[in-house]
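Chains as they are written, first to last, in our numbering: chain A, 1 to 147; chain B, 1 to 244.
Keep in mind the hints are simulated off the structure, nothing from the lab.
Just so it is clear, CB atoms sit at the ideal spot from N, CA and C, and this is done for glycine as well.
All clues stand as given, with none of them false.
Once the Cα atoms are required to be at most 27 Å apart in a straight line, the calculated DSS-like pairs of lysine-lysine come out as:
id, chain 1, residue 1, chain 2, residue 2
1, B, K104, B, K30
2, A, K21, B, K124
3, A, K100, B, K104
4, B, K104, A, K98
According to the in silico footprint, chain A covers these stretches of chain B (three or more CB under 8 Å from chain A):
id, region
5, 164-172
6, 204-216
7, 227-240
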Amino acid sequence: MSVVIETPNSPRTRKGANWEKYGWLFMRVSGPLLVVLVFTHLVVNLVLGDGIKAIDFAFVAGKWADPFWQVWDLAMLWLAMIHGTNGMRTIVNDYTEKVKVRKALITSLWAVCGLLILLGTLVIFTFDPCPAGAAAELLPSFCPASN
Amino acid sequence: MANEAIAEVTSFKVTLFIRRFDPEVDQEPKWVDYDVEMYGTDRVLDALHKVKWELDGSLTFRRSCAHGVCGSDAMRINGRNRLACKTLIKDLDITQPIYIEPIKGLPVEKDLIVDMNPFYQAYKDVNPFLIASDKPAKERLQSPEDRARYDDTTKCILCAACTTSCPVFWTDGQYFGPAAIVNAHRFIFDSRDEAAQVRLDILNDKEGVWRCRTTFNCTEACPRGIEVTKAIAEVKQAILRGRP
Numbered sequence: 001m002s003v004v005i006e007t008p009n010s011p012r013t014r015k016g017a018n019w020e021k022y023g024w025l026f027m028r029v030s031g032p033l034l035v036v037l038v039f040t041h042l043v044v045n046l047v048l049g050d051g052i053k054a055i056d057f058a059f060v061a062g063k064w065a066d067p068f069w070q071v072w073d074l075a076m077l078w079l080a081m082i083h084g085t086n087g088m089r090t091i092v093n094d095y096t097e098k099v100k101v102r103k104a105l106i107t108s109l110w111a112v113c114g115l116l117i118l119l120g121t122l123v124i125f126t127f128d129p130c131p132a133g134a135a136a137e138l139l140p141s142f143c144p145a146s147n
Numbered sequence: 001m002a003n004e005a006i007a008e009v010t011s012f013k014v015t016l017f018i019r020r021f022d023p024e025v026d027q028e029p030k031w032v033d034y035d036v037e038m039y040g041t042d043r044v045l046d047a048l049h050k051v052k053w054e055l056d057g058s059l060t061f062r063r064s065c066a067h068g069v070c071g072s073d074a075m076r077i078n079g080r081n082r083l084a085c086k087t088l089i090k091d092l093d094i095t096q097p098i099y100i101e102p103i104k105g106l107p108v109e110k111d112l113i114v115d116m117n118p119f120y121q122a123y124k125d126v127n128p129f130l131i132a133s134d135k136p137a138k139e140r141l142q143s144p145e146d147r148a149r150y151d152d153t154t155k156c157i158l159c160a161a162c163t164t165s166c167p168v169f170w171t172d173g174q175y176f177g178p179a180a181i182v183n184a185h186r187f188i189f190d191s192r193d194e195a196a197q198v199r200l201d202i203l204n205d206k207e208g209v210w211r212c213r214t215t216f217n218c219t220e221a222c223p224r225g226i227e228v229t230k231a232i233a234e235v236k237q238a239i240l241r242g243r244p
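Working from the sequences, and respecting the hints, build out all of it.
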């Protein structure tokens, strides 16, 4: 008489989509990108040209009039915010024991992240380099009022 | 005869601080100290035996083979997970007391004994057995290269030293833990096994390999010298590739 051995384990059932793999990949891709973005940003702003003394309203306005720096700063903003928030989410997952506390912390993390990304994006694209009524010497050279 | 006299084996006194807990009496675990006379050839397990057999018979700990094969006596010795039967007392700093605690992250049942069931459950969940549909009349052949691919992870003795050294496991027992991933690795990369995909799917979970923070605690803790963190990284790579 042969004994029938049932399948020892029933397969695990997964509930909902699994984002962990994509989260992990995002951290690996955005990390090196951020190193390049942030350090180039620092060198361009603080070292090249007149260095730190060059930074004033006109300097920032001049940069954001250029689509290249708009995209650069946009990429830096989005990647840094999502990278940092996802890192904080990982720490929250590792150190909170109560489900409610964890959910509250993670929800507020993403809310703050979303708000900052929204505000930052808005500023980059709606920034007016030549505000009316500003002192002429503070404006970038391409503004009509600066002459 | 006099000049042939064998030098007397020197002994030394060590103080053991043991984290003790009797669920029928204590509310909280407490440190209890014992002074024992030991020799240079003695291991921490011998010191525990000395306490249990000569000083206090109520001391409770697990040990079976006492020679580093069965994996019963993993404990936290001076803050590091080790096997008591493989740790020589003379290799520790004997000018200081030796602190012995149960492994962390699993419920303490009594003294140095913890409930291993959550640990074994994670092990069971990765299907730690060969899954093959063919019915060969003889053994399944495998090249030495294919065998070498997963050689490191065959060494696991399920002592739980790695899993209970993992900070992620300490705060959240839901994480599969290094030992379960090591044992999944052993079959995922076995050329004779057909269910690598099933195991990769199981470990591609919220509580799977992605919770690993590569702190290398597990690799340092493993009494068998398995490169645990490397094995976990290989499983991560396999999940990204979608095949072993």
